[in-house]
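Here this note's numbering is used: the first residue of the sequence shown is -11, the next is one more, and so on.
If you are wondering where the hints come from, they were derived from the structure by calculation, not from laboratory data. Where is the CB? At the ideal position from N, CA and C, for every residue including glycine. A few of these clues could be false.
Using C-beta positions, here's what the derived DEER-type ranges look like [to be verified]: (1) H54 / V124: 35 to 43 Å; (2) A99 / R137: 21 to 29 Å; (3) L134 / V85: 39 to 47 Å; (4) T89 / L129: 37 to 45 Å; (5) E83 / D133: 45 to 53 Å; (6) T96 / Q69: 32 to 40 Å; (7) A57 / A100: 43 to 51 Å; (8) E78 / R137: 38 to 46 Å; (9) R75 / A154: 16 to 24 Å; (10) G58 / W132: 48 to 56 Å; (11) R137 / A62: 38 to 46 Å; (12) A140 / L98: 13 to 21 Å.
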Amino acid sequence: MGFRERRGDRAAEPQPQVGALGCVALTGGRPPHGEARERGAQGAEHCRLHQSMSHTPRPPGPARAHPLAGRRIAVTRAREQAGDLVRELEALGAEVVAAPTIRIAPLTDLAALRAALSRVPPYDWIVFTSQNAVQVVCDRLPEWDLSPRDVARAAVAAIGPATAEAL
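Turn these sequences into a full structure, and let the hints steer you where they fit.
Here's what the structure looks like:
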């Protein structure tokens, strides 16, 4: 998620616990490789949300309120999508350095995407890998004379909770 600088006496300081941001992960309980085809389409009831939290109690006081104080973290998301993460990290005391590694740009030719979505039945799955992909498809459906139901003729999957929320 980010990078941390370690200098001098700060190297011995305890690091924040896993789940310090209270992140929620979407998991299916077992690895999907090789089993997806055998199991067939899975609904949301086959997934569960869990919160990644350490069972080790943290010390009370300022260290607990600002567990990332004195840490510098680079956020590599596109600037226009980094706001929530930056605010959370800053609230935990981190010094955030914006270092976007990608730029979001409109696609010039969507003909192949339109053709694929117009003939969904041959596909078993449509997998959205980012919020941006969801946005592109949802924005274009009306102009292509398609509806979300047309897309949902195949099983639809999202990589990550933010992408699932965008769906």
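Here's how the hints hold up against the structure:
no., hint, result
1, H54 / V124: 35 to 43 Å, "holds (38 Å)"
2, A99 / R137: 21 to 29 Å, "holds (22 Å)"
3, L134 / V85: 39 to 47 Å, "holds (41 Å)"
4, T89 / L129: 37 to 45 Å, "violated (30 Å)"
5, E83 / D133: 45 to 53 Å, "holds (50 Å)"
6, T96 / Q69: 32 to 40 Å, "violated (21 Å)"
7, A57 / A100: 43 to 51 Å, "holds (49 Å)"
8, E78 / R137: 38 to 46 Å, "holds (42 Å)"
9, R75 / A154: 16 to 24 Å, "holds (19 Å)"
10, G58 / W132: 48 to 56 Å, "holds (51 Å)"
11, R137 / A62: 38 to 46 Å, "holds (42 Å)"
12, A140 / L98: 13 to 21 Å, "holds (20 Å)"
Hints 4 and 6 from the earlier list are contradicted by this structure; the remaining hints agree with it.
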